[in-house]
Amino acid sequence: MKILRQTWAVVRKDLLLEWRGRSRILSVLLFGVVTLLLFSFAVGPDSVMLRTAAGGFLVLALLLSSTLSLSESFRVEQELRAIEGLLLLPVDPVALYYGKCLSNTFFLMLLAPVLTPVTLILYSVELDFAGFLTLFGLWTLAAAGLSAPGTLYAAMTSRLQSQDVLLPLLLFPLVIPVLMGSVKSVTLLLTGDPMSQIQSWTLLLASFAIIYWSLCGLLFPHAIEEGS
Amino acid sequence: MSQRMTKIHLFGLVGLLLLLVGSYLGLFVAPPDRYMGDVQRIMYVHLPSAWNGMLCYLFAFGFAIASIWQHKPKWDALTVGAIEVGAVLNALLLIQGSIWARPTWGVWWDWDVRLTTSLIMFLLFAGVLALRSFVEDPNQRATWTAIATIVAFIDVPLVYFCVRWWRSLHQVQSTPDTVSSAMVMPLRLNSIAIFLLVIWMVAQRARLEMIRHQKEQVDEPARMATVGGLENV
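Those protein sequences? They're chains A and B, same order as listed.
Sequential numbering from 9 applies to the first sequence in my numbering.
Sequential numbering from 1235 applies to the second sequence in my numbering.
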């Protein structure tokens, strides 16, 4: 129970800090919208092609925005060595990991209500209410899958000078299953799924999230040991 | 120590000799493939590279777990040795695959399951080496390398199945039952040869890493003394 209390305290701290500043989520949202706009310029005004690729663009916008959000989550902990204070309190490193992971997942989930309507408008795609709910479920799984290794790597790279280069370098090849699973399932949702393939891709997303939430939770205490 | 080094060099020497014999048999004695002709002969280095590269990553995974468990420099040295040799074999695999794909499939690259998985695997472990190069503290470097290796290795089967669902073109894997016995011998010889060379190279790379580690241990107090001295001024 203690670990749950501590995890909740970490989530609450992150949400409260973000609510007071609101700079992180606003900049990440804006970045996501700009990315969607850039993709449409890259493909051109061909509406059929844009509609076909809409799912991929939406997921890529999430992936690219996630690195900003993830790196920011530990940058604030490195300022004035706040993370050392947290560990001295003492907060269990496992609770710290899951707290950070949950808040990172939550921040990435917040992108969905903004980026989805922008995608629908820019790429002329239609989606009913049930489709919206399914998309939000898929988005949550993708956000959870990105956050698990992303939080671990952000904790490590935030201590290095080359964080901006290293985090995507480590994260992008690793989350290719998340990218493929979410691109396929979102595209099937937007363009039709006659063979009912979404379930298989959803299962893949869920498996990735479960594996990496467990594995990274085990490894995180080692990652933040001072001079371990 | 020197006796152990001689034994390790023996692995390299025997590996090199076997590779020469295996390649001679593969290039000049084994018959050409009925459909692909001489192009198929690249298989005698391509498959051993693939098997041994994967084996290197498996070793790296084992060494990484040991490194986190015991915090001994030798496990870190072996981890980095296995990853580097694995990455070299992986890069060779991709190059040989492209050379083979051009006359066989008509393209240098195709989004086939094993090709794509090999490329992603290479990027995953190259990322681990990049991370390592940015960490100065030796203990932290060892722990983070081990963590990144474990995280990357667990991803490989997921990537494989994911790309397999996505699409597949690669021919079905051959087994000794499906190929001529004249082709099996050079393939086996080269696989053993590259395996022996892998042991030799990983051991050499690990030795180099241990020397670097020892040098860092010597340099660190001297550096701290200099920094301390400057602060006192």
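Simulated from the structure, these hints should not be mistaken for laboratory data.
Hints are supplied without guarantee of correctness; some may be wrong.
[Claimed, not checked] If you anchor each label on the Cβ, the simulated ranges turn out as follows:
1. A:L226 <-> B:A1364: 22 to 28 Å
2. A:M203 <-> B:A1416: 24 to 30 Å
3. A:G145 <-> B:R1398: 41 to 47 Å
4. B:P1265 <-> A:F144: 57 to 63 Å
[Said to hold, decoys possible] Below, computed lysine to aspartate or glutamate pairings styled on DMTMM-like, alpha-carbon distance capped at 25 Å:
5. B:K1308 <-> A:E233
6. B:K1306 <-> B:E1370
7. B:K1449 <-> B:D1272
8. B:K1306 <-> A:E233
9. B:K1449 <-> B:D1344
10. B:K1449 <-> A:E233
11. A:K10 <-> A:D100
12. A:K21 <-> A:D136
13. B:K1308 <-> B:E1450
Ideal Cβ placement from N, Cα and C applies to all residues, glycine included.
Hints and how they fare:
no., hint, verdict
1, A:L226 <-> B:A1364: 22 to 28 Å, "23 Å, holds"
2, A:M203 <-> B:A1416: 24 to 30 Å, "45 Å, violated"
3, A:G145 <-> B:R1398: 41 to 47 Å, "25 Å, violated"
4, B:P1265 <-> A:F144: 57 to 63 Å, "60 Å, holds"
5, B:K1308 <-> A:E233, "20 Å, holds"
6, B:K1306 <-> B:E1370, "17 Å, holds"
7, B:K1449 <-> B:D1272, "50 Å, violated"
8, B:K1306 <-> A:E233, "16 Å, holds"
9, B:K1449 <-> B:D1344, "46 Å, violated"
10, B:K1449 <-> A:E233, "23 Å, holds"
11, A:K10 <-> A:D100, "9 Å, holds"
12, A:K21 <-> A:D136, "36 Å, violated"
13, B:K1308 <-> B:E1450, "14 Å, holds"
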